[in-house]
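The numbering of the sequence shown is the numbering used here, which starts it at 859 and goes up by one.
In case anyone wonders, no lab produced these hints; they're calculated from the structure.
Take every hint as true, because none was put in to throw you off.
PhoX-like mimics (lysine-lysine), calculated; alpha carbons at most 25 Å apart, straight line:
no. : residue 1 : residue 2
1   : 1505      : 1448
2   : 1057      : 1189
3   : 1077      : 1295
4   : 1152      : 1393
5   : 1203      : 967
6   : 1483      : 1304
7   : 1128      : 1020
8   : 1330      : 1441
9   : 983       : 1087
10  : 1087      : 1203
11  : 1518      : 1506
12  : 1370      : 1518
13  : 1499      : 1524
14  : 1077      : 983
15  : 1396      : 1481
16  : 1238      : 1178
17  : 1238      : 1172
18  : 1086      : 1295
19  : 1100      : 1215
20  : 1215      : 983
21  : 1020      : 936
22  : 1258      : 1304
23  : 1516      : 1393
24  : 1238      : 1295
25  : 1393      : 1514
26  : 1341      : 1404
27  : 1213      : 1087
28  : 1290      : 1086
29  : 1129      : 1448
30  : 1330      : 1246
Just the calculated beta-carbon pair ranges, DEER-fashion:
no. : residue 1 : residue 2 : range
31  : 1347      : 1526      : 27 to 33 Å
32  : 1084      : 1414      : 44 to 50 Å
33  : 1038      : 1525      : 45 to 51 Å
34  : 1215      : 935       : 42 to 48 Å
Ideal Cβ placement from N, Cα and C applies to all residues, glycine included.
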Amino acid sequence: MALVENHVPIKTIEITPNEPRWMDKDYRQARCERRRLERIWRKTGRKEDHQHYIAQRNVCAKLVTSKRELFYASQISKAGNRQKALFQVVENALDKKSENILPTHDDPKALANEFNEYYVSKIDKIRESIPVEKENDLTDAVPFQGNKLSIFSPTSIDEVSKILKDCGIKTSPEDPIPVSILSTIYEVTLPVLVSLINKSLEEGSVDGIKHSVIDPLLKKLNLDSENKKNYRPVNNLVFFSKLIERIVLSRIDDHLNFNNLQNYLQFGYKKHHSTETMLLGIVDELLDAFDDNKFIVMMFLDLSAAFDTIDIQKLLNILKFEIGIDGVALKWCESFLTNRTQRVKINDSYSESIKVKYGTPQGSVLGPRFFDIYVRSQPKIFKMCNFKSTSYADDSNGMKKFAITFQYNTLTNDVPDCLSKVTKWMNLQWLKINPDKTEIVVFHPKHLSNRLLIGGTIIAKDECIRFSDSVKNVGVLLDKNLKLNEHVNKIVSHSYKLLKDLRSVRSFTSTKDIEILVNASITSRLDYCNSLFYKMSKSNLNKLQKVQNASARLVLNRGRRASATALLNQLHWLPVKSRCIFKILLLMFKYLNNLCPKNISFEYSLHNHRPQHELMLKTCIAKSKYGEKRFSYCGPRLWNKLPVEIKKEEKIDVFKTKLKTLLYTKPDMFEL
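Can you build the whole structure from these sequences, using the hints too?
So, in structure tokens, the structure goes:
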């Protein structure tokens, strides 16, 4: 027996039933009855028993459809308007379970320790590779002048309740109370939460909730799963930590706004700012250059582990001397940033805890705002080099317009000089530019392509960056001639794949529910940054329109010969072209009502020769078809075509309703 145990030891394996989430007690009982009747029929062979079995089989088939429909209807209802939750419903409906791919290992705890050591040593290596620069070589900090933020004002039950209502209740796997329970009892715990938050703000301490648990996640499925550099560290922070961070964030933002300290060129994680408003400004600059037959060179910088290499003491100095956070408030920020620990979780095993020496915690609420404050002087470096710049979190870019006759000086001198100064400033901030992922594109009108003679720039003795033909910036593929062909093809390809997947679940979802899923997964892609699609080529617009037509046929369960126009009207969906106009006019409304950043270079003044009540805006002149695509050109013109009663509307929801109705009834009135 001992010999058998040595060679063939007994192993206990826990088997988890692989049952769909929609399966309940009623269906299990019906299935058991079906099997019982099947056994009887196969034993007796009688026709009556066969009929009983067939009848029960039909009952089970109907139950499958009804149970799945009820289950996913409830899931969609719970998701509400939360895009991420709706995407998850789509994944579940398609049985696309995200596998947790990990390197080959025998001991999960040993692998967790390896990952933890790798993540910490990676940051140490990045910091060691950054050359030490002399301080104050580039920009002098502007000391804060005004009323300092010395204490964070206490919170209240109403404020915490509003935050939970607006942001939802989200817990991590490390929370002692799961979200399913906390969401039902949070109102009872509100007084306790408020008391704990106020105690933390009063004492300037967050001790006890400064621990992060990391789940390694493979960045892309086609990457080598054995290489640890291909795994993104996903941080899990407890519910209470994120809640108190939201309170502090509101206090810091109020202070920044009151003292006019916000970085207006940073578009990430800020109210009324988005990727679309940033891209709209960039594309407007590009088209303006095209209209003047000029070129624009753009540098798209990529940083290595940007949030993780931040020097904490340098950040605290900026908070104190440039932002004006002092006293207990600064003590709280220091407590939040210092003496943090992390460990890695593999399955149910944890690594040993390691102290984190640098950076702001990824996945935190305050991390992006602290990073924004940390790099607030970066635009000054670009300005020193006569470059314009914008940023979205750690993705930043610089651009410069030039005439073709000055291409040599711009591309061989100005670009390397600017990149050198930006790199030097990054070194001072302990941030490292990743040269392998940094891209440079020279945007120009297509008819001037043969005038561009330089294909790259030398940034070091033996290092050259070749100019790219296109670049992906915050989810949009911008090609050098701004045709957007690659971007449209990518949207169309992905949308048709999703439509094929959704067609497989159409039989057990209602029209209302499948419409919600289609809007979440496909319409959202058609609408993303669609203000850039105005006056795009007809072939590209037709491609997008065909996707929308196919979506309408799927929702209403019609064949490919069904009239798309009638189906769109039945669903009350605006066609793609009208959706572009809708977005532009909505952005105009936001710009005019201070709900959008003013990053487009045109005046919003009223026309001098028109009565005030007509709300007519001044318009600019275009020299070519490129100029007519600019938001600064078409925005005011489309706005001026609106009826006065819609232009005078102050509530955004009412404005959107009236505008949508107008686009349905009179779409031709907006032709320019």
